[in-house]
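There are 2 protein chains.
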Amino acid sequence: MELSKRQQQIIEIVKSKGPITGENIAEKLNLTRATLRPDLAILTMSGILEARPRVGYYYTNKSQNKIITEELSKYIVKDYASHPIIIKNGVSIYDAICTIFMEDVSTLFIINNKGDFVGVCSRKDLLRASMMGEDIHTTPVDIIMTRMPNLSYVTTQDKVITAAQLMIEKEIDSLPIVQHKQTGTVEIKGRISKTTITKLFVSLFKE
Amino acid sequence: MELSKRQQQIIEIVKSKGPITGENIAEKLNLTRATLRPDLAILTMSGILEARPRVGYYYTNKSQNKIITEELSKYIVKDYASHPIIIKNGVSIYDAICTIFMEDVSTLFIINNKGDFVGVCSRKDLLRASMMGEDIHTTPVDIIMTRMPNLSYVTTQDKVITAAQLMIEKEIDSLPIVQHKQTGTVEIKGRISKTTITKLFVSLFKE
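Line by line, the protein sequences are chains A and B. Read in my numbering, the first sequence has 141 at position 137, and its numbers run on one by one without any break. Read in my numbering, the second sequence has 41 at position 37, and its numbers run on one by one without any break.
Hint data in this document are derived by calculation from the structure and do not stem from the laboratory. Do not rely on the hints blindly, as some may be mistaken.
Claimed, not checked - EDC-like cross-link-like pairs, simulated, lysine to aspartate or glutamate; straight-line CA separation at most 16 Å:
#1 B:203 to A:173
#2 B:174 to A:108
#3 B:128 to A:107
#4 A:210 to B:75
#5 A:82 to A:162
#6 A:203 to B:177
#7 A:203 to A:177
#8 A:203 to B:173
#9 A:193 to A:120
#10 B:210 to A:75
#11 B:163 to B:75
#12 A:128 to B:108
#13 B:163 to A:211
#14 B:203 to B:177
#15 B:193 to B:83
#16 B:70 to A:211
#17 B:128 to B:146
#18 B:128 to B:175
#19 A:92 to A:191
#20 A:203 to B:175
#21 B:82 to B:162
#22 B:210 to A:74
#23 A:210 to B:74
#24 B:128 to A:177
#25 A:92 to A:146
#26 B:78 to A:211
#27 A:21 to A:31
#28 B:203 to A:175
#29 A:163 to B:211
#30 B:193 to B:120
#31 B:128 to B:177
#32 B:70 to A:75
#33 A:78 to B:211
#34 B:82 to B:191
#35 A:174 to B:108
#36 B:203 to B:83
#37 B:203 to A:177
Model the full assembly from the supplied sequences, consistent with the hints where possible.
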């Protein structure tokens with residue numbers, strides 16, 4: 005919103021002195037109430053100020069919060085999906101560790117031989133396994149992975165903000181993006197991570 | 005910005021048909037140009053539409069981008085700093101791994117015996133070390149850490165958006181927050197991570 009200098013002065017007055025009547029604002033600016041009428045109309049219509057009868061004008065940031073909330077609601081998971089790194093169940097923990105370094109990701113998704121998504125394995129799971137002295141060359145990743153349905157996921161049609169809320173709530177760094185199959189199982193379609201959210205956050209900033 | 009139904013209709017027309025003259029917008033709405041004048045004035049003053057002489061009205065999101073960019077500029081690193089998990093140099097890789105699990109963090113910060121910040125060690129560094137068959141009980145973390153000054157950091161006075169940009173650019177999950185000491189070295193004051201950014205992103209969404 006391109007505000008005039010006078011409109012900005014009005015906002016500053018209302019911010020520090022509000023609730024304040026139109027007459028009192030006019031007085032502080034050495035102007036008449038009539039002169040201020042169009043400015044006050046614009047500031048209330050745009051939601052920057054609100055007016056309450058017999059109380060006066062007060063500052064609200066409703067329009068700003070609404071604009072940001074509407075903007076954040078627009079982003080849909082499918083448009084921000086990253087490529088998922090998938091391994092088959094039965095693969096050894098050692099091979100999973102090699103994959104995580106080769107692909108430079110923090111999470112692997114595990115499928116069975118029907119292509120169903122069955123579990124997730126994180127860098128943290130692998131570090132723990134490597135410490136527990138298990139035989140990582142012969143133990144399959146299935147032993148240490150988090151299994152469906154005990155894991156969080158989103159679908160392609162979910163909002164990015166929903167994915168972000170879920171990652172914070174569940175304290176995880178990335179989520180699988182899945183699609184439900186007719187068989188009742190799910191297929192892995194992608195991943196979304198805190199990196200995705202950070203990139204989106206950066207892209208909102210336009211200097 | 006609380007827009008009237010008619011103002012929303014105008015925006016939709018300009019979005020799909022713009023640039024379009026005021027006369028043509030009026031025609032589509034079966035109204036006169038004079039009736040539309042106050043609506044068009046509000047939409048241009050608020051920065052949603054722009055008017056160019058002899059061309060007409062066109063849609064711009066300048067005000068929205070500006071509001072979001074101003075909002076994101078407000079957040080300062082010091083207000084979003086997390087507690088840094090610090091270990092002393094000379095500590096074994098094994099003890100570093102134990103600390104990373106006990107504290108449930110992805111990054112450790114390493115200081116020397118003068119309290120100077122000297123390096124960073126991530127979960128990824130530790131997983132790599134555990135795989136390379138080094139003797140993790142006797143090898144100090146110093147061998148695998150990333151050392152100052154070859155690492156990225158922010159100060160308490162930097163903007164959060166700067167930290168987010170740096171994490172994306174350098175492909176890292178968290179940054180140390182440092183303070184310069186008189187001796188020319190730096191002290192570790194906190195950390196900021198992609199989790200911080202994701203939390204902030206979620207907090208911007210107000211339903």
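Q: Please write out, lowest number first, the hints stated earlier that are contradicted by the structure.
A: none
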